[in-house]
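Q: Each residue of the sequence shown is one higher than the one before, starting from 518 at the first, in the working numbering.
Do not rely on the hints blindly, as some may be mistaken.
Straight-line Cα separation of at most 30 Å, DSSO-like style, residue types lysine-lysine; simulated pairs [claimed, not checked]:
no.	residue 1	residue 2
1	Lys-704	Lys-688
2	Lys-646	Lys-541
3	Lys-599	Lys-704
4	Lys-599	Lys-541
5	Lys-697	Lys-646
6	Lys-599	Lys-688
7	Lys-697	Lys-606
8	Lys-697	Lys-682
9	Lys-606	Lys-646
10	Lys-646	Lys-599
11	Lys-646	Lys-682
12	Lys-704	Lys-606
With beta-carbon atoms standing in for the labels, derived distance ranges [claimed, not checked]:
no.	residue 1	residue 2	range
13	Gly-715	Glu-595	31 to 39 Å
14	Ala-551	Gly-715	12 to 20 Å
15	Ala-550	Ile-530	53 to 61 Å
16	Tyr-540	Ala-666	32 to 40 Å
17	Tyr-540	Val-708	24 to 32 Å
18	Lys-606	Arg-652	38 to 46 Å
19	Leu-657	Leu-544	53 to 61 Å
20	Gln-552	Ala-588	21 to 29 Å
21	Ala-710	Lys-541	55 to 63 Å
If you're looking for bench data, these hints aren't it; they were derived computationally from the structure. It should be emphasised that the depicted structure is a prediction, and the values quoted were computed from it without experimental measurement. Even for Gly, the Cβ is constructed at its ideal location relative to N, Cα and C.
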Amino acid sequence: VGEFLPQMAFLWIIVSIIIKVTYKGQLKAQAQAAQATEVAESEQLRRQVVEARMAAMQAQVEPHFLFNTLASIDHLIETDPKRASVMQKNLIALLRASMPTMREASSNGAARDLAREMAMVRPYLEILKVRMEERLQVRLEVPDGLLSAEFPPMMIQSLVENAIKHGLEPKPEGGEILIKAEIVHGKLNLVVADTGLGFGK
């Protein structure tokens with residue numbers, strides 16, 4: 518037994534070192550996993566906040582615009598059937614383009630491409646042009662090459678509605694709204710601008 522004691526002691530030291538290294542590795546892995554879980558939960562919460570904000574924004578935009586448009590169509594049927602037909606066709610085009618996007622945005626918050634957003638904005642603006650007549654001028658500067666770029670759903674339409682509601686509608690002579698997309702420093706830059714009243718104070 519005495520002959521084997523040094524070997525057993527050496528073996529015990531080696532086993533102890535392996536256990537300690539393994540244990541420290543497990544602790545480190547657990548700490549990394551906990552940190553990764555915390556980051557993932559934080560990102561999930563952040564996405565949920567963004568989704569909630571977008572849902573709230575959609576809830577504010579859609580009913581207001583839809584009811585006003587339906588009221589305008591109802592009025593134009595009696596006074597100007599041709600313009601009523603134009604507005605109705607654009608409303609149908611808008612709803613066809615926007616309904617899938619709204620469902621997808623509320624379900625997973627994923628970004629959509631600029632083409633689908635412009636497919637909603639164009640009929641939206643055409644409806645507003647029928648309503649405001651010559652008081653609204655529209656300028657679109659969105660190159661075809663940028664239409665496949667990812668873009669948050671409903672964002673452009675919300676900005677356009679705010680520009681119309683707070684900038685151009687209160688101005689007696691109306692004005693112009695510009696939607697411009699370009700690449701700036703390797704990133705998509707989209708501008709919604711109007712020649713309306715501005716922000717005031």
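Q: Hint by hint, note whether the structure agrees.
A: Verification of the supplied hints:
Note on Lys-704 and Lys-688: the hinted pairing is violated, with a Cα-Cα distance of about 34 Å set against a maximum of 30 Å. As the CA atoms of Lys-646 and Lys-541 are separated by approximately 69 Å, the hinted pair breaks the 30 Å bound. Straight-line distance between C-alpha atoms of Lys-599 and Lys-704 comes to about 42 Å, which puts the hinted pair past the 30 Å bound. Of the pairs offered as hints, the one joining Lys-599 and Lys-541 is violated, with about 78 Å between alpha carbons and a cut-off of 30 Å exceeded.
A distance of roughly 18 Å separates the Cα atoms of Lys-697 and Lys-646; the hinted pair therefore holds under the 30 Å criterion. Between Lys-599 and Lys-688 the CA atoms are separated by roughly 27 Å; this keeps the pair inside 30 Å, and the hint holds. For the hint pairing Lys-697 with Lys-606, the CA-to-CA distance comes to about 25 Å; that is within 30 Å, so the pair holds. Using a Cα cut-off of 30 Å, the hinted pair Lys-697 and Lys-682 holds, with the two alpha carbons roughly 19 Å apart.
With a C-alpha separation of about 13 Å, the suggested pairing of Lys-606 with Lys-646 holds against the 30 Å cut-off. Restraint check for Lys-646 and Lys-599: the C-alpha separation of about 14 Å stays at or below 30 Å, so the hint holds. Taken as a hint, the Lys-646 and Lys-682 pair is honoured in the structure, with Cα atoms around 13 Å apart against an allowance of 30 Å. Straight-line distance between C-alpha atoms of Lys-704 and Lys-606 comes to about 35 Å, which puts the hinted pair past the 30 Å bound.
Between Gly-715 and Glu-595, the C-beta spacing of about 36 Å keeps the proposed range 31 to 39 Å intact. The supplied range of 12 to 20 Å is broken by Ala-551 and Gly-715, whose beta-carbon atoms lie about 50 Å from each other. Under the hint 53 to 61 Å, the C-beta atoms of Ala-550 and Ile-530, about 30 Å apart, miss the expected range. In this structure the hint that Tyr-540 and Ala-666 lie 32 to 40 Å apart at CB is violated, the actual value being about 50 Å.
About 57 Å separates the C-beta atoms of Tyr-540 and Val-708, a value inconsistent with the hinted range of 24 to 32 Å. One distance hint, 38 to 46 Å for the beta-carbon pair Lys-606 and Arg-652, is violated here, with the actual separation near 21 Å. Distance hint for Leu-657 and Leu-544: a CB-CB separation of about 58 Å, consistent with the stated range 53 to 61 Å. At roughly 55 Å, the beta carbons of Gln-552 and Ala-588 sit outside the given window of 21 to 29 Å.
Checked against the given bound of 55 to 63 Å, the beta carbons of Ala-710 and Lys-541, roughly 58 Å apart, stay inside it.
Hints 1, 2, 3, 4, 12, 14, 15, 16, 17, 18 and 20, counting from the list given before, are not met by this structure.
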